[in-house]
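Student: Sequence:
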Amino acid sequence: MILLIAVVAGCGNHNDPEEVTSSTSHSLAEETLLRDPSEDCFIFNDRVYVRNEELTNRQDKLGEALGEIESNYIAEKEFKNLMSTKLPIGTKIYRIEGEVSLDQVLVKQDNMFAIYVALVEG
4 MILLIAVVAG CGNHNDPEEV TSSTSHSLAE ETLLRDPSED CFIFNDRVYV
54 RNEELTNRQD KLGEALGEIE SNYIAEKEFK NLMSTKLPIG TKIYRIEGEV
104 SLDQVLVKQD NMFAIYVALV EG
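Following my numbering, the numbering of the sequence shown begins with 4 at its first residue and continues without gaps.
No lab work stands behind these hints: they were computed from the structure.
Just to be clear, a hint being listed does not mean it is correct.
[What the hints assert, rightly or not] Computed Cβ-Cβ distance ranges for the label pairs, DEER-style:
1) Asp63 x Asp106: 27 to 33 angstroms
2) Asn60 x Lys80: 31 to 37 angstroms
3) Gln112 x Asp39: 19 to 25 angstroms
4) Glu67 x Leu37: 31 to 37 angstroms
5) Asp63 x Leu37: 15 to 21 angstroms
6) Thr27 x Gln112: 16 to 22 angstroms
[To be verified] DSBU-like mimics (lysine-lysine), calculated; alpha carbons at most 30 angstroms apart, straight line:
7) Lys111 x Lys64
8) Lys83 x Lys95
9) Lys95 x Lys80
10) Lys95 x Lys64
11) Lys111 x Lys83
12) Lys64 x Lys83
13) Lys89 x Lys111
14) Lys111 x Lys95
15) Lys89 x Lys64
16) Lys111 x Lys80
Ideal Cβ placement from N, Cα and C applies to all residues, glycine included.
Whenever a hint applies, use it, and build me the whole structure from the sequences.
Tutor: Printed below as a string of structure tokens:
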């Protein structure tokens, strides 16, 4: 009986990986905004992306659509997936043509594109 209780108690999932990932990206976004409150950034797939290049009209880099900004960040609130500090709601996020990773993505603004780079923890 005691062995059965120990086995059942040990099977609980005490650390939800999605919650840990979300809080990590939230923390990284907060740190980024503490360093520079005017930073142009967003969260996509639990990764924080910051603007790296000015707008360009080069569509040859445009890959598949990945998503779009759903909300805007408000100070003192939780920074969530598909939330941006500067990009308007509805702004489209694209994979860069030929890239396997999502370390960089393209964002379409009007008929121009900007590259955003994923921040690395540490």
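Student: May I ask which of the numbered hints given earlier this structure violates, with the numbers listed in increasing order?
Tutor: Those not satisfied are hints 1, 5, 6.
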